[in-house]
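Order-wise, the sequence lines are chains L and B.
In this text, residue positions in the first sequence follow this note's numbering: the first is 1, and each later residue adds one.
In this text, residue positions in the second sequence follow this note's numbering: the first is 1001, and each later residue adds one.
Among the clues, some could well be false.
What the hints assert, rightly or not - Subject to a maximum C-alpha distance of 25 Å in a straight line, what follows is the list of computed SDA-like cross-link-like pairs (lysine to any residue): (1) L:K180 x B:S1118; (2) B:K1101 x L:Q362; (3) L:K98 x B:M1086; (4) L:K233 x B:T1198; (5) B:K1101 x L:I220; (6) L:K218 x B:I1252; (7) L:K392 x B:R1109; (8) L:K275 x B:L1112; (9) L:K98 x B:L1112; (10) L:K392 x B:F1250; (11) L:K98 x B:I1252.
Source of the hints: derived by calculation from the structure; they are not laboratory data.
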Amino acid sequence: MARRRIVYVACLMLIVSSVALAASPQAAAPTKTVKVGVVSAHSGTIAFYGLSVLRTVELAVKDINERGTIGQGPGILVGNQRYKLEVVSYDDSADPAKSVAGMRRLAEMYKVAVVFGPQGTPNTWACQEINVGLNVLFVGMSASDLSRKKGNPLYIQERSPTLYFGDPMAQACIDRGFKKAAVLTDVNEAYQSWGKRFKEKFESLGGQIVGFETVDIKTITDYHSIMTSFKAKNPDIIFITMYEEPMALAATHALDVGYKGKFLFNSEWINKAEKILPLDRIEGSLVEAMLWTFYRKYHELDKRGFQTAYIKQYRAAYGDEPALTGPAIHDPVYYMMARAMELSGSVTDAKAIRAACPKALQEGKLPLIFPNNDVLKNGLMVGAPELLLEVKGGQYKLLQELRVPKSVLE
Amino acid sequence: MLLASGLTIIFGILNVPNFAQGHLYMVAAYLGFYMVMSYATNYWLALVLATFALGILGLIVYFLVFYPIRNAPEVNLFVAAMALLMILEGGALYLFGTETKWFLIPWSRRVLTLGELSLQVQRLIVIAGTVVVMMALWVFIKKTALGAALEATAQHREGALLCGIKVSRISAMAFVVGTALAGIAGVLIGPAVLLMPTMGMGPLLVAFSAIIFGGLGSIAGAVLGALLLGVVESLASGYISATYSLIVVFGIMIVTLLFRPKGLLGREVWRP
């Protein structure tokens, strides 16, 4: 009798523990792997930016594989199945043709449904021609106003088109008494349209644009003659919109030829630029900055701490700080995509994953430095404000938040 | 000017358009950077060491790449020069990394002001250094036996051979001198620009334009071509627009070549 009771109890315990195991997804070990793609430049002149994208995705994958998207890891839970994420990457050397080849290879060989990258407007536009046919949802890193207007249903643009910041920047210049401005921009579509928008607004407010130059930073390394020409026209401020180091170099050359006025820099102005041209040499100048850039400098403002933790992890893993593209993709795109896979119940259906993206953000559970993000129907991520800073006493002083009305972006 | 002179010396002797000249200049700039920034070497010493290093590199490149195919069709030399360019760029990406680098020599970044004229000390060094090196090159070519042999070989290779000049040795020397000039240019300009593995392409284009404009194979032509192109480019940037300055530069160059196909100081060179 006692023996039969022991058998009953043992059976009961076995059943209870089996049910408990089945009912608790957290306890189930990850059994399958889903691949996510990265197409970015790992070689060539912008490899620093491209490697930041790859490494950031690798860090995020590691984090999600350990903790999950909303802390219910390990990995992601899609239906009743747990998945571990794995990164597969392709080096496009910033060449649009190679970006297309990379996306095709990742989709056909590894069956990825989600790709991070490529960087740059030409590369993004090239990939927009093939991604729908390949059933790939991708985050093309472009700051152009035209990228989201192409009507691609499987495209996510991670940043508001920068040209719209030209309006408040021009207003801020006029408010500070700058009446004459010169503009130096890279040939890149996003930068050029930013410069043009600034020019139009500045002139409409009664200011005068005394010089407007467009250069190709890949071929020009000497800005002395341009800056000499600008200096001769005596501007109060020079708006420089190009990549980080050339921007700092151009400003240095302006000072070399005796320019005494102020500068207005775009959001590429970060740590490396400061090393080339220290802040004490640009007192009173203005900097348009992303939230991440500001938090990177002043960690104490990052109340939620996600940005600071990310930079710390990145430095520990790779011995360096990421380029701007790293934070741009870290927050909020990557976690949104992984969570959208969970909410859509699919790791292969790009359309379903795309449809679940807004909900992934609206839940408010993701570890984002700026939680009030949204993704519009046209694929544009909106939410986090950008900032206008003033250099004062060797520090950055926040002047105002820059927001573009949603109605303009929709 | 230094790059163009190096190019024209190599072209005059070997008939090789050394497309890698810009990349040799890049290698020199990086060498200077590491010597100064990583090993705290005095800048002037770094300039001398990098020049010697580039000269030796030039010798190695000559014997490894160009000497074995010296009698091959010209197209082979073209392809070899292109391959060398790619190897140097790839090697630089691997060894020096993808990040741009920046010389920080505080004294060279000071700006001298005279009335309305402002000039960074490093720019002054570039100008003075170029003048000194060009004068030294002129003395070497015109006042030494080796220089005379170099010029004779450039003018008439077979004739030089018949006069007892060791043409293959002179060819090697031409390569050494040409690459050493690229070395001087790289370390001189390094502190005034950003260093990146592709930094040689822009100057290479200008240097090639200068030697075509001035006359292929003529050192005086290279100097004149570089000077004129530089002045036209600066004036066009200042008075028209930097966006269109290269159109003006190359427009003038094309018009000049229509009337003087051999360039400003080019002359007929006998080739077998």
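Structure-based check of all given hints:
1. L:K180 x B:S1118: holds, 22 Å
2. B:K1101 x L:Q362: Given that 25 Å is the threshold and the Cα spacing comes to 43 Å, the pair is violated.
3. L:K98 x B:M1086: Status holds; Cα separation ~18 Å.
4. L:K233 x B:T1198: Cα-Cα ~33 Å, so violated.
5. B:K1101 x L:I220: holds, 16 Å
6. L:K218 x B:I1252: Holds - the C-alpha atoms of I1252 (chain B) and K218 (chain L) are around 24 Å apart, at most 25 Å.
7. L:K392 x B:R1109: This hinted pair holds, its Cα atoms lying about 23 Å apart.
8. L:K275 x B:L1112: holds, 22 Å
9. L:K98 x B:L1112: violated, 47 Å
10. L:K392 x B:F1250: violated, 44 Å
11. L:K98 x B:I1252: violated, 37 Å
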